[in-house]
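With chain R fixed as given, assemble chains Y, V and E onto it according to the hints.
Number of protein chains: 4
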Amino acid sequence: MSALTLADARTIIAAAEKRADEIGQPMNIAVVDGGGNLIAHVRQDGAWIGSIDISISKAWTARAFDIQTKDLGDNAQPTQQFFGIHTTNGGKVAIFAGGVPLLRDGVVVGGLGVSGGSGEQDQTVAEAGAGAL
Amino acid sequence: MSALTLADARTIIAAAEKRADEIGQPMNIAVVDGGGNLIAHVRQDGAWIGSIDISISKAWTARAFDIQTKDLGDNAQPTQQFFGIHTTNGGKVAIFAGGVPLLRDGVVVGGLGVSGGSGEQDQTVAEAGAGAL
Amino acid sequence: MSALTLADARTIIAAAEKRADEIGQPMNIAVVDGGGNLIAHVRQDGAWIGSIDISISKAWTARAFDIQTKDLGDNAQPTQQFFGIHTTNGGKVAIFAGGVPLLRDGVVVGGLGVSGGSGEQDQTVAEAGAGAL
Amino acid sequence: MSALTLADARTIIAAAEKRADEIGQPMNIAVVDGGGNLIAHVRQDGAWIGSIDISISKAWTARAFDIQTKDLGDNAQPTQQFFGIHTTNGGKVAIFAGGVPLLRDGVVVGGLGVSGGSGEQDQTVAEAGAGAL
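Chains as they are written, first to last, in UniProt numbering: chain R, 1 to 133; chain Y, 1 to 133; chain V, 1 to 133; chain E, 1 to 133.
The following block holds chain R by itself, in its conformation from the complex:
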């Protein structure tokens, strides 16, 4: 299984940016490798500065637990089995939509995080990005 490269990350980011442009919402987009370590991040012009950290956290979370952050979020609500997980790992765990695992031949090789709009907007941009791998 070949590791995620910077070229891969750029392909993913380009596809995510294209979708963000289509929906007219500037985004922060981050890609991490299989070790959860940042490969690349971009903030589109006009995107929220508060979303820089969140995009990276979503990417890390998606790889750290091999799960979409929106699905983790369902399990992280009060009374659910993982409630409280958002304060573990030094606060790096994001539990709302926009983080997706990156797969190659069915194996998780990294994570993609998108932040800058509504949960629905972040999710569609993340899915467009992940689909490009």
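Please note that the accuracy of each hint is not assured.
What the hints assert, rightly or not - Computed far set for chain Y versus chain E, every beta-carbon distance over 10 Å: (1) A14; (2) E22; (3) D33; (4) D45; (5) G50; (6) Q80; (7) A132.
Stated by the list, open to error - Computed cross-link-like contacts, BS3-like style, restricted to lysine-lysine with a CA-CA straight-line distance of at most 27 Å: (8) R:K92 to E:K92; (9) E:K92 to V:K92; (10) Y:K92 to V:K92; (11) Y:K92 to R:K92; (12) E:K92 to Y:K92.
Keep in mind that the hints were calculated from the coordinates and are not lab data.
Quantities reported herein were computed from a predicted structural model and do not represent experimental measurements.
Idealized CB from N, CA, C, for every residue including glycine.
Structure of chains Y, V and E alone, referenced to chain R:
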């Protein structure tokens, strides 16, 4: 679009203090610039020391997401789309009333955060401050 | 002994700003009370954003140890008795010039921190501010 | 003075990557805007994961104090005027070579940080990147 100056921040703070005096609740008041960086902070005599940090976080949050913190709070409740956002960004995200974006000619140029009373009190003081710009 | 008020802090800051203007170096200026808690902060237009935190840390340090930060710094060099103190207290201890205790009738009632120029510049602005109390 | 855009950041990063390739040392390269907030980051294939954070810190530091990090480092050695500055600002201050301010028409509009090799290697890559703006 001209950047927020210290003179602007003082005008905003003076208006906020006037409103805090009217309602008889001493406040912490903080102003950040367009990059989210603190320009000025004051703690009125008798205001809570726990609110120093909160006022600065509210100001930062209002600029970081170009939103009033009370509105962000509505979306940050359990089961809502941004639940968990209060633990991102190193804990700098405030999700209760009292933080408002600062606009000049319709463009966000900074943020104002007020903390020291009830949510309603913080909000009215913040609105008075922001209205002075 | 009366506690330091916001009015006191403003008097101190005004004197510090006057000196900063005289030497032509924009500064961050912070005042803390006897409990080490921030009363007021200002960043003059053009002052370094990296100095926001440092001005507050200098003010806190000057009160926390009732000492000028430049004097603490002499004792905090390698091989000196307090080497390493800058990493205590969550990193809030500043060990270079620009932080001075604030005295009323010979008693320390707070701290003033100035950051934005050379050590010499920070120190002269801090002394001007403290002298106004 | 127009703000730094993502397109600007990509131009800068492309020039930095070109220089890194020439010297055969993979690098982390980060660009921040005038508020010190990340616009873009890339980690070239094979570059140290420990340098992700350092590249971002160097970019932030160069803007936060409008100085090259290697020059700040000279002033941050034991007995020098800024010794201890590396533990301020939550540890975000980098005091070794590889961070340079980004100027447009003589005004600092952001910062560039490079990390992944020796100080000399980081510096030459940073200079190549900054020169492209």
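Do the hints match the structure? See the list:
1. A14: A14 of chain Y is indeed farther than 10 Å from all Cβ atoms of chain E, at 25 Å.
2. E22: holds (33 Å)
3. D33: violated (7 Å)
4. D45: Given that every Cβ of chain E is farther than 10 Å from that of D45 of chain Y, nearest at about 29 Å, it holds.
5. G50: holds (20 Å)
6. Q80: Given that every Cβ of chain E is farther than 10 Å from that of Q80 of chain Y, nearest at about 26 Å, it holds.
7. A132: For A132 of chain Y, whose nearest Cβ neighbour in chain E is about 23 Å away, the distance exceeds 10 Å, so it holds.
8. R:K92 to E:K92: Distance ~17 Å between K92 of chain R and K92 of chain E Cα, so the pair holds.
9. E:K92 to V:K92: holds (13 Å)
10. Y:K92 to V:K92: holds (17 Å)
11. Y:K92 to R:K92: Between K92 of chain Y and K92 of chain R the Cα gap is close to 13 Å, so the pair holds against 27 Å.
12. E:K92 to Y:K92: Cα-Cα ~16 Å, so holds.
In this structure, only the earlier hint numbered 3 is contradicted, and the remaining ones agree with it.
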